[in-house]
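Going down the list, the sequences are from chains A and B.
Per the numbering used here, residue 187 is the first one in the first sequence, and the count goes up by one each step.
Per the numbering used here, residue 7 is the first one in the second sequence, and the count goes up by one each step.
None of these hints come from the bench; they were simulated from the model.
Check the hints yourself; a few may be wrong.
What the hints assert, rightly or not - Dumping the calculated EDC-like pairs for lysine to aspartate or glutamate here, alpha-carbon to alpha-carbon at most 20 Å: (1) A:Lys-199 <-> B:Glu-230; (2) B:Lys-258 <-> A:Glu-287; (3) A:Lys-199 <-> B:Glu-66; (4) B:Lys-258 <-> A:Glu-256; (5) A:Lys-304 <-> B:Glu-30; (6) A:Lys-194 <-> B:Asp-125; (7) A:Lys-276 <-> A:Asp-318; (8) B:Lys-9 <-> B:Glu-230; (9) A:Lys-308 <-> B:Glu-230; (10) A:Lys-286 <-> A:Asp-318; (11) A:Lys-194 <-> B:Asp-261; (12) A:Lys-194 <-> B:Glu-123; (13) A:Lys-231 <-> B:Asp-261.
Said to hold, decoys possible - Here are a few chain A residues that face chain B, going by a calculated C-beta distance under 8 Å: (14) Met-190; (15) Ile-204; (16) Pro-205; (17) Ala-242; (18) Leu-244; (19) Asp-247; (20) Thr-258; (21) Gln-273; (22) Gln-274; (23) Ile-282; (24) Leu-285; (25) Ala-293; (26) Thr-296; (27) Lys-299; (28) Met-307.
Said to hold, decoys possible - Which chain B residues stay away from chain A? Per the calculated CB distances, all over 10 Å, these: (29) Ser-107; (30) Met-130; (31) Asn-145; (32) Ala-163; (33) Lys-164; (34) Glu-170; (35) Arg-192; (36) Ile-205; (37) Pro-217; (38) Glu-231; (39) Lys-237; (40) Glu-266.
Backbone N, C-alpha and C fix where the C-beta goes; we use that ideal spot for every residue, glycine too.
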Amino acid sequence: MAAMPSIKSREVKIVHDIPISRTLKFWEGLKEGKILATKCKKCGKLYFPPSADCAACLSSDMEWVELSNEATIETFTHVVVRPTTFQQEKPYTVAIGRLKEGVRVLAWLTGFKLSEVKVGMKAKLVAKTTTDGRLTYEFTRPE
Amino acid sequence: MNKVAIIGVGCSKFGVRNDVNVAELTFEAFKPSIEDAGITPKDIEFVAVGSTGAGAWYEELLPAVVSAEYCGLTGAGLARCEAACASGSAAFSMAYWAVASGQVKIAAALGVEKMREIDTPTMMEWIGRAGYYLWEFHNFGLTFPGYYALYASAHMAKYGTTEEDLALVAVKNHKYASMNPIAHFRNRITVDDALSSMIIAAPLKLYDCCPVTDGAASIILASEEKVKELKIDTPVWVAGLGYASGTANMSKRLDYVGLEASVSASQMAYKMANVSPDQLDVAVVHDCFTIAEIMAYEDIGLCKKGEGGKLIREGQTEIGGKIPVNIDGGLKAKGHPIGTTGCAMIYELTKQLREEAVERSRQAPMKNYIALAHNVGGTGHYCYVTILRR
Chain A
187 MAAMPSIKSR
197 EVKIVHDIPI
207 SRTLKFWEGL
217 KEGKILATKC
227 KKCGKLYFPP
237 SADCAACLSS
247 DMEWVELSNE
257 ATIETFTHVV
267 VRPTTFQQEK
277 PYTVAIGRLK
287 EGVRVLAWLT
297 GFKLSEVKVG
307 MKAKLVAKTT
317 TDGRLTYEFT
327 RPE
Chain B
7 MNKVAIIGVG
17 CSKFGVRNDV
27 NVAELTFEAF
37 KPSIEDAGIT
47 PKDIEFVAVG
57 STGAGAWYEE
67 LLPAVVSAEY
77 CGLTGAGLAR
87 CEAACASGSA
97 AFSMAYWAVA
107 SGQVKIAAAL
117 GVEKMREIDT
127 PTMMEWIGRA
137 GYYLWEFHNF
147 GLTFPGYYAL
157 YASAHMAKYG
167 TTEEDLALVA
177 VKNHKYASMN
187 PIAHFRNRIT
197 VDDALSSMII
207 AAPLKLYDCC
217 PVTDGAASII
227 LASEEKVKEL
237 KIDTPVWVAG
247 LGYASGTANM
257 SKRLDYVGLE
267 ASVSASQMAY
277 KMANVSPDQL
287 DVAVVHDCFT
297 IAEIMAYEDI
307 GLCKKGEGGK
317 LIREGQTEIG
327 GKIPVNIDGG
337 LKAKGHPIGT
347 TGCAMIYELT
357 KQLREEAVER
367 SRQAPMKNYI
377 ALAHNVGGTG
387 HYCYVTILRR
């Protein structure tokens, strides 16, 4: 079938400057190899991803706490068909792991063959700086 | 709250609709809906438009004003509703409340989405961002098939649901889409076709995923007084409406074997309508991915938790089974124009309840004349459940 007649819209390039001033310690912690969460000083609720305000009691009096590295994988997927900005990456595995503190983390899972990945297995959560300087964290094989 | 009836419905052809722009596509659904109701655009006092991709996958930022002007609706109260893939249901709810409150006598809910004006990786990018961009997309590039694959892996691990069970959902929905002239896909498939299709986000394969579809739907709602005045012969009444939401972060959900928002929204709708799941004659559920249909069976009470796989294996959700589900082809094969879907579900159920399904082969037998629509937004971020009764 012949393409339907159309006109091209004007091209825009979109890049957002996402403020991180209120969670800056988290991003700085990643550079030092630490995974930090926030904890509400008023009600004790622990937040990961870190939150500068408490959704449970609406207090903004939060403290930073370092999380353990021990995770249990609750579920996972292996993403083959990738979005535009991930076209340069090889297919990747994304998992959700529960840390012993009770919070869950969603991140890439590396260092395993896909056939080895199982719900309920143990993984280690580590901070990482990518080769292009992006700060992130991932699950990997426990020592 | 006053009684509210559906008095007119319209739906465009679903598919790759590069022959029309967003306003023209809306018109294609809107015109038959007002002809069905026997009214003119000037009779409509309030219009709610469900659409998600404004400015992202199609060029217009304000589709409500563009479509309303094009359909002769300028002057009516107007808003666009966003509840991700449940935007159509959010629009339907807003129109319902406008009439139920007594403030207006006639309202319209329009759903419209134009998804095929951009390339597929960019579409994967936009939809992947539709969760919590900062924490789950920016570093991790989760796609929508990926999010639902997280549910599939967990459901399989906990309940022994298999890839074949998922394939059966696709086979069923393609079968009914083949009987539905407005469906995006008209081809029947086999379990082997589904199982041998390419991996998109493991364990989900191509045939586990709904297509990227253009389409529009239009629903006209009216008060009881207007139903009498217009001499509507088969009004379909809104008997129940339930709604709920889930966390933006997938990592904060209670578990990955069901959607909490679906459970809460369906219980709210059953309570308002004073009906139980076993009284339903037909249902449409949110099957953006095959696993989503299996979880929906469980979450809205068509079977017990963990028995969704068994329900599809036994053929209980086919016509002739316990409860026919997605016999319009579902999102899976009829197509899922994101902001349209909620209105397209109401279109289908209204046709079913009036016993005027387009082809007799896919008319559900009616006993109680009660139908349910279950529409999820995002990965369980939003849920709307609507119960209709003739």
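Comparing the hints with the structure gives:
1. A:Lys-199 <-> B:Glu-230: Violated, at roughly 50 Å.
2. B:Lys-258 <-> A:Glu-287: 14 Å, holds
3. A:Lys-199 <-> B:Glu-66: Given pair A:Lys-199, B:Glu-66 holds - Cα atoms ~17 Å apart, limit 20 Å.
4. B:Lys-258 <-> A:Glu-256: 18 Å, holds
5. A:Lys-304 <-> B:Glu-30: The given pair, whose Cα atoms are some 49 Å apart, is violated under the 20 Å limit.
6. A:Lys-194 <-> B:Asp-125: The hint holds at about 13 Å.
7. A:Lys-276 <-> A:Asp-318: 16 Å, holds
8. B:Lys-9 <-> B:Glu-230: This hinted pair holds, its Cα atoms lying about 6 Å apart.
9. A:Lys-308 <-> B:Glu-230: 60 Å, violated
10. A:Lys-286 <-> A:Asp-318: The hint is violated at about 31 Å.
11. A:Lys-194 <-> B:Asp-261: 44 Å, violated
12. A:Lys-194 <-> B:Glu-123: 10 Å, holds
13. A:Lys-231 <-> B:Asp-261: 19 Å, holds
14. Met-190: Constraint on A:Met-190 satisfied, holds at 4 Å.
15. Ile-204: 6 Å, holds
16. Pro-205: 10 Å, violated
17. Ala-242: 12 Å, violated
18. Leu-244: For A:Leu-244, the interface hint is violated, since the closest Cβ of chain B sits about 17 Å away, which is over 8 Å.
19. Asp-247: Violated - the Cβ of A:Asp-247 stays beyond 8 Å from chain B, reaching only about 21 Å at its closest.
20. Thr-258: 12 Å, violated
21. Gln-273: Since the shortest Cβ distance to chain B is 6 Å, the answer is holds.
22. Gln-274: Hint on A:Gln-274: violated, closest Cβ of chain B at ~11 Å, above 8 Å.
23. Ile-282: 6 Å, holds
24. Leu-285: 10 Å, violated
25. Ala-293: 6 Å, holds
26. Thr-296: 12 Å, violated
27. Lys-299: Where the cut-off is 8 Å and the nearest Cβ of chain B is about 13 Å from A:Lys-299, the hint is violated.
28. Met-307: For A:Met-307, the interface hint is violated, since the closest Cβ of chain B sits about 11 Å away, which is over 8 Å.
29. Ser-107: 31 Å, holds
30. Met-130: Contrary to the label, B:Met-130 does not stay out of reach of chain A, its closest Cβ about 4 Å off (not over 10 Å).
31. Asn-145: Per Cβ check, B:Asn-145 is inside 10 Å of chain A; nearest 4 Å; violated.
32. Ala-163: For B:Ala-163, whose nearest Cβ neighbour in chain A is about 4 Å away, the distance does not exceed 10 Å, so it is violated.
33. Lys-164: Non-interface label on B:Lys-164 violated, nearest chain A Cβ at 8 Å vs cutoff 10 Å.
34. Glu-170: For B:Glu-170, whose nearest Cβ neighbour in chain A is about 19 Å away, the distance exceeds 10 Å, so it holds.
35. Arg-192: Given a closest Cβ separation of 15 Å, the condition holds.
36. Ile-205: At about 5 Å from chain A, B:Ile-205 fails to clear the 10 Å cut-off, so the statement is violated.
37. Pro-217: 13 Å, holds
38. Glu-231: Non-interface label on B:Glu-231 holds, nearest chain A Cβ at 44 Å vs cutoff 10 Å.
39. Lys-237: Its Cβ never comes within 10 Å of chain A, the nearest being 42 Å, so this holds.
40. Glu-266: 15 Å, holds
Consistency with the previously given hints fails for numbers 1, 5, 9, 10, 11, 16, 17, 18, 19, 20, 22, 24, 26, 27, 28, 30, 31, 32, 33 and 36, ordered from lowest to highest.
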